[in-house]
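There are 2 protein chains.
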Amino acid sequence: MSLNTTPRGQRLHIALFGRRNAGKSSLINALTGQEVAIVSDVPGTTTDPVAKAMEILPLGPVMIIDTAGIDDVGELGALRVKKSFEVLNRTDLALLVIDPGRGFGPYEEEVLKRCEEYKVPVVTVINKIDLYPEVVRNGLGVELASPKVFVSALTRQGIEELKQVIIQHAPKDWTMPTIVGDLIQPGDLVVLVIPIDKAAPKGRLILPQQQVIRDIIDHDAVAIMVKERELKHALSHLGVKPRLVITDASAYLKAAADTPPDVLFTSFSVLFARYKGDLETLVMGVKAVDKLRPGDRVLIAEACTHHPIEDDIGRVKIPRWLRSRVGGELHFDVVAGSGPLPENLGDYKLIVHCGACMLNRKEMLSRLMQARRAGVPIVNYGVIMAHMHGVLRRALSPFPALQALLEPAEEEMELELELLRRVRG
Amino acid sequence: MSLNTTPRGQRLHIALFGRRNAGKSSLINALTGQEVAIVSDVPGTTTDPVAKAMEILPLGPVMIIDTAGIDDVGELGALRVKKSFEVLNRTDLALLVIDPGRGFGPYEEEVLKRCEEYKVPVVTVINKIDLYPEVVRNGLGVELASPKVFVSALTRQGIEELKQVIIQHAPKDWTMPTIVGDLIQPGDLVVLVIPIDKAAPKGRLILPQQQVIRDIIDHDAVAIMVKERELKHALSHLGVKPRLVITDASAYLKAAADTPPDVLFTSFSVLFARYKGDLETLVMGVKAVDKLRPGDRVLIAEACTHHPIEDDIGRVKIPRWLRSRVGGELHFDVVAGSGPLPENLGDYKLIVHCGACMLNRKEMLSRLMQARRAGVPIVNYGVIMAHMHGVLRRALSPFPALQALLEPAEEEMELELELLRRVRG
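If you read the sequences in order, they're chains S and H.
Mind the numbering: the first sequence is residues 17 to 441 in our numbering, read in order.
Mind the numbering: the second sequence is residues 17 to 441 in our numbering, read in order.
Heads up, some of the hints might be wrong.
Intra- or inter-copy, both count: the list cannot distinguish identical chains.
Each computed DSS-like pair below joins lysine-lysine, with the alpha-carbon atoms no more than 30 Å apart [claimed, not checked]: (1) K214 with K135; (2) K129 with K98; (3) K214 with K68; (4) K164 with K188; (5) K214 with K188; (6) K164 with K135; (7) K307 with K333.
Bear in mind the hints are in silico, worked out from the structure with no lab data behind them.
Take these sequences, add in the hints, and give me the full structure.
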């Protein structure tokens with residue numbers, strides 16, 4: 017997940033506007049969890065607007081554009097302000113940061129006017145509520161058409177809500193810049209394992225398979241497709257080791273067994289969990305499976321109202337496996353459809369979400385944020401299926417930071433399963 | 017194009033019915049151009065209905081089911097008749113063969129009744145018109161709802177028309193059993209060259225690419241996809257030589273140059289010319305290019321009424337190339353849309369047809385048959401483009417019988433071009 021290999025043009029561009037010392041740079045640090053901007057209480061520390069590639073969890077890679085104070089003074093200051101507004105040309109979303117000690121005035125009006133002019137959605141962020149707690153109750157004394165969020169960049173209060181609002185106002189077609197391109201180098205061989213079963217459409221490839229192939233060849237690498245039965249044969253007929261093997265979840269065990277241990281291994285569903293949402297949140301969620309106790313409530317969340325099939329993955333397979341793992345009864349509720357998750361999320365010990373093929377990234381991230389804010393672990397079908405098959409650690413091999421999140425217990429179970437597989441041949 | 021590797025289930029199944037000695041077996045020979053059925057004038061030579069895999073040009077692979085005479089006598093004869101009608105369970109199209117000397121009677125009525133019962137379309141074939149020429153004028157004395165064709169299996173009169181009618185009554189979804197599967201063996205490596213230019217849809221593969229990938233992995237082989245720039249690199253990183261390289265037509269020269277001479281080489285458009293129609297007819301058609309003279313009329317036939325783009329392949333590129341090749345003016349007419357080709361086909365020295373992505377195999381074959389019957393050479397964009405790039409012989413390497421159809425002159429030109437390419441590097 018190298019930041020450097022992500023093309024600038026495809027990241028969500030977020031520009032921050034506000035008077036000098038309103039706390040724009042501190043807010044960036046609070047959003048990214050890093051000390052990246054120069055924070056100082058000397059007004060006017062930021063001069064030329066600089067776009068910086070950053071990562072906001074769980075939003076993923078973004079481009080943050082910090083601008084000079086809109087109240088900058090003097091000839092040079094006026095030039096800085098002019099340059100600040102020019103960034104609206106390449107901005108997806110603007111944050112107007114307000115210091116309650118100074119309030120909403122002509123400077124802030126100017127920002128809203130300019131954003132309207134450039135048709136850039138704007139979110140008003142009232143900062144420093146640790147210093148001015150009364151502003152949350154009393155407001156700014158103006159009626160704003162645009163959404164507003166109260167935060168403290170210092171105490172991080174309201175930051176999660178701000179992320180949620182940022183997601184809501186991101187462009188509809190906002191995606192991750194790449195599905196797999198950041199994991200490979202030009203010229204790499206990438207093997208895709210595609211079982212042909214009754215579910216496979218005749219004479220076609222499903223869209224996720226097409227997207228991964230395109231992403232591979234768009235990144236100057238070589239995409240190699242086989243059924244699971246030919247994987248071993250194909251690997252033995254390549255002159256070099258492939259960089260990565262990506263399997264369909266239905267062939268997890270066979271593909272994992274036939275892929276040499278020193279070759280990176282993952283699945284389409286793990287890649288799309290990252291592409292369509294946030295893999296880290298989901299991996300954190302899977303750990304809650306081990307903490308489930310008989311009698312706990314689990315929410316199965318489906319994005320579409322499909323007709324449940326026999327042996328349905330969300331309504332039959334996963335509940336059956338969870339009950340057997342817990343060794344007792346669990347209470348399952350199912351919600352289906354788009355829009356936010358139900359308000360009583362706090363009643364659940366775990367949310368199991370579908371693969372979200374009918375949701376865009378915005379919608380899925382919104383739901384992940386909703387679960388995070390409610391403090392409820394959330395996992396999706398792809399990640400929990402990998403866990404059920406004992407291959408999650410292996411399927412996270414391209415993401416060592418996430419692998420490290422898994423409990424040692426999980427590792428032991430994997431080793432046991434690996435031994436079992438070898439014994440069975 | 018081995019007949020044996022084509023699965024039986026996907027071939028067009030044609031069953032022949034008729035009285036003993038109506039000439040069913042001779043008709044099969046006339047359709048296939050081979051002496052395959054046992055022909056004899058002893059009534060009742062055919063006993064148990066036998067399904068045989070055969071090739072009818074230009075229809076491609078079919079399954080012919082020859083049945084016992086429907087007027088067979090005795091206990092054994094009655095059993096044979098019963099078995100004959102049972103084949104209607106696996107028949108796409110029935111031919112009712114009539115000997116005008118015996119006429120249309122209760123036996124024939126029974127066949128039509130049974131076909132209606134099994135919902136199998138039936139074509140009445142009045143045979144032996146060399147012996148009974150008056151039947152063509154006078155008919156059979158009955159009104160038939162189903163189509164009828166007058167033929168002589170002996171002189172081959174009417175056989176081309178019968179093929180046309182067979183195509184018209186084939187099932188709508190009738191296709192070739194495979195696009196590329198008959199050219200490869202299980203475990204083979206097949207490399208697909210897919211240039212990513214502005215015309216490529218973002219994040220997807222076009223349907224023909226998906227179909228070829230699926231066909232390869234469905235046949236237990238390995239599909240390897242690269243952009244043209246990475247072809248050489250990919251070939252050098254495979255442990256074995258690939259069986260076949262298939263290129264997009266837009267990368268003909270680069271892909272041909274980078275593919276070792278001992279590796280089979282073709283293009284998506286050549287494969288689809290075969291899958292969607294008849295490659296032999298089109299290769300015969302390309303030879304007419306060399307016979308064009310200034311002043312000749314050429315018909316450009318497009319299957320859809322797309323908005324012509326600048327540098328349109330059918331309206332600009334091919335006419336420009338043909339004019340320069342002929343060294344003078346040519347008269348081009350363009351027809352666009354589905355349905356039969358215009359009736360004045362005889363006015364043209366060459367028909368250049370589009371890739372037929374909007375036509376099914378039935379419709380494209382119908383048009384090829386129409387051109388054949390009018391005696392006008394027909395070629396399609398894919399085949400003529402390969403010829404224009406001097407790579408047609410190379411692109412026919414999986415089809416040596418068709419390669420042999422090309423003039424030596426063509427070969428010499430290819431060699432010249434090859435030399436030119438090497439000189440230019």
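Hint by hint, here is what the structure shows:
no.: 1; hint: K214 with K135; result: between (48 Å within a copy, 28 Å between copies)
no.: 2; hint: K129 with K98; result: within (14 Å within a copy, 86 Å between copies)
no.: 3; hint: K214 with K68; result: between (47 Å within a copy, 29 Å between copies)
no.: 4; hint: K164 with K188; result: within (20 Å within a copy, 59 Å between copies)
no.: 5; hint: K214 with K188; result: between (34 Å within a copy, 23 Å between copies)
no.: 6; hint: K164 with K135; result: within (18 Å within a copy, 68 Å between copies)
no.: 7; hint: K307 with K333; result: within (19 Å within a copy, 68 Å between copies)
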